[in-house]
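Visitor: Below, each chain spelled out in residue letters.
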Amino acid sequence: MSEIKLTDEFLIEELKLRFEEKKESLKKLEKLTTELKEVNHKLAESEALKSHFISNITNEIVNPFTSIVILSKNILSIKEGQWERVMKMANLIFTEAFNLDFQLKNIFAAAEIEAGELFLEVSNVTVDTLINAVIDSFITEAKKKRIVFEFIKIETETEELRFKTDSEKLRLILSNLVENAVKYSKNEKIIIKRKVQDGVLTISVQDFGIGISENNKKVIFDRFKRLDTGINSINRGHGLGLSINKALLDFLSGQIDIESTKNVGSTFTINIPEAVSDAESFSADGSDYIFDTDDEIF
Amino acid sequence: MEKPKHFLYPGAIYVSHEPSMITTILGSCIAVCLYDSVLQIGGMNHFMLPLWNGQGLASPRYGNIAIDKLIRKLESLGSSKANIKAKVFGGGEIIATNINQFMIGDRNIRIAKDLLHEEGIPIVSSSVGGKLGRKIIFNTQTGEVRQKYVGGQK
Numbered sequence: 001m002s003e004i005k006l007t008d009e010f011l012i013e014e015l016k017l018r019f020e021e022k023k024e025s026l027k028k029l030e031k032l033t034t035e036l037k038e039v040n041h042k043l044a045e046s047e048a049l050k051s052h053f054i055s056n057i058t059n060e061i062v063n064p065f066t067s068i069v070i071l072s073k074n075i076l077s078i079k080e081g082q083w084e085r086v087m088k089m090a091n092l093i094f095t096e097a098f099n100l101d102f103q104l105k106n107i108f109a110a111a112e113i114e115a116g117e118l119f120l121e122v123s124n125v126t127v128d129t130l131i132n133a134v135i136d137s138f139i140t141e142a143k144k145k146r147i148v149f150e151f152i153k154i155e156t157e158t159e160e161l162r163f164k165t166d167s168e169k170l171r172l173i174l175s176n177l178v179e180n181a182v183k184y185s186k187n188e189k190i191i192i193k194r195k196v197q198d199g200v201l202t203i204s205v206q207d208f209g210i211g212i213s214e215n216n217k218k219v220i221f222d223r224f225k226r227l228d229t230g231i232n233s234i235n236r237g238h239g240l241g242l243s244i245n246k247a248l249l250d251f252l253s254g255q256i257d258i259e260s261t262k263n264v265g266s267t268f269t270i271n272i273p274e275a276v277s278d279a280e281s282f283s284a285d286g287s288d289y290i291f292d293t294d295d296e297i298f
Numbered sequence: 001m002e003k004p005k006h007f008l009y010p011g012a013i014y015v016s017h018e019p020s021m022i023t024t025i026l027g028s029c030i031a032v033c034l035y036d037s038v039l040q041i042g043g044m045n046h047f048m049l050p051l052w053n054g055q056g057l058a059s060p061r062y063g064n065i066a067i068d069k070l071i072r073k074l075e076s077l078g079s080s081k082a083n084i085k086a087k088v089f090g091g092g093e094i095i096a097t098n099i100n101q102f103m104i105g106d107r108n109i110r111i112a113k114d115l116l117h118e119e120g121i122p123i124v125s126s127s128v129g130g131k132l133g134r135k136i137i138f139n140t141q142t143g144e145v146r147q148k149y150v151g152g153q154k
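Just so you know, the sequences run in chain order F and X. Under our numbering, think of the first position of the first sequence as 1, with each following residue one higher. Under our numbering, think of the first position of the second sequence as 1, with each following residue one higher.
Warning: the hint list may mix true and false statements.
[Said to hold, decoys possible] As a list, the in silico DSS-like pairs of lysine-lysine whose alpha-carbon atoms are at most 30 angstroms apart:
{"hint": "1", "chain 1": "X", "residue 1": "K131", "chain 2": "F", "residue 2": "K50"}
{"hint": "2", "chain 1": "F", "residue 1": "K164", "chain 2": "F", "residue 2": "K193"}
{"hint": "3", "chain 1": "X", "residue 1": "K73", "chain 2": "F", "residue 2": "K105"}
{"hint": "4", "chain 1": "F", "residue 1": "K28", "chain 2": "X", "residue 2": "K131"}
{"hint": "5", "chain 1": "F", "residue 1": "K28", "chain 2": "X", "residue 2": "K73"}
It is worth saying that the hints were derived from the structure and are not from the lab.
Model the full structure from these sequences, guided by the hints.
Guide: Shown next as structure tokens:
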């Protein structure tokens, strides 16, 4: 009798357990479905943004070119002794050409990344020179908005701080950060800090601009994503910069972090570990290609 | 004659007309080697995660993109899909530091097998799973892949 009772209890326990398990897997399924929906939404959005990008190309590329052509034609027809007008127009040409060059570099970088044609070109980079060069390239644009740059070098005794990494990739990453900082601030300063510690290069770019809301922090690395896409947006660009930065940093085994408060400003910080140069890690030791007898062959 | 050597980085793809030796190092990542025995050309990808989720750039860090791009690149060099055969490597469950990376090797293996099957490309040999990393060298002229196990990394 007692034995049967025990079996009943056991059965009930077992049933309960199974129900629990079922509930658990239902919950998991629900979670997966939600995730799937999210991904689906993202993909649809990405597709829409992509077509938007193509339709935007006219504004972003053809129009600047047209201005450059017209402006240079005007310069050619200017009479002697009108240097001021020439300077003005040359300035406009420079701005248009600079933006165009910058945007094309980003578009090509994105194309390269998406085609899987990235490779690492490590050199011994003079970090401060590179940072200064990037700052210099944005100085005209910054002056227009009365923005000043402040470059702070943390904990290094000499000018000649050298760091092994891919200089072109680092330059593009930095340019994108500085460009955003200039774009989203007015009449303020931009603070750039750099340091190297334990083989990791850290560079931060801080602006006192419009800032980014919590929600938007999640999407700013998506391609073609721009937060101010309204018709009144005064800012140009493809929204490629940060997605390129993320991809390039992934490639360099680096990281990017954002600290930002709406209407206060944003700080973007990148960390890059020092690269072992190509030569050391790979091609120099020919033994990579000398097959051992214990290699498996497929 | 010595063939040009190419080291394939994660997230990259290499396909060339020229006979070459492509090498890469794999942990939970997967490398798909495709070989066209008629044209005697081949190419390799190296992906880290199974599926692109719409975040960031649609790069070949993701299996679904890497496999599709690799096939298209071979086709653009004149290969016909019927002549392409695949060899699949990697997907080890080496100790993951990040909890999100859990089972990533298995999921990578699955996506490679599924997608190649969908494309109708046979997998003629493979070395996947396990607890160790792998170093492979792919001779794109002969289709031969040599593999060495390495202490778990990446």
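Visitor: Take the hints in turn and mark each one as holding or not.
Guide: Going down the list of hints, with the structure as the test:
Restraint check: the Cα-Cα separation between X:K131 and F:K50 comes to about 40 angstroms, which exceeds 30 angstroms; the hinted pair is violated. Restraint check: the Cα-Cα separation between F:K164 and F:K193 comes to about 18 angstroms, which is no more than 30 angstroms; the hinted pair holds. Restraint check: the Cα-Cα separation between X:K73 and F:K105 comes to about 23 angstroms, which is no more than 30 angstroms; the hinted pair holds. Our distance criterion of 30 angstroms between C-alpha atoms is met by F:K28 and X:K131, whose separation comes to about 28 angstroms.
Restraint check: the Cα-Cα separation between F:K28 and X:K73 comes to about 38 angstroms, which exceeds 30 angstroms; the hinted pair is violated.
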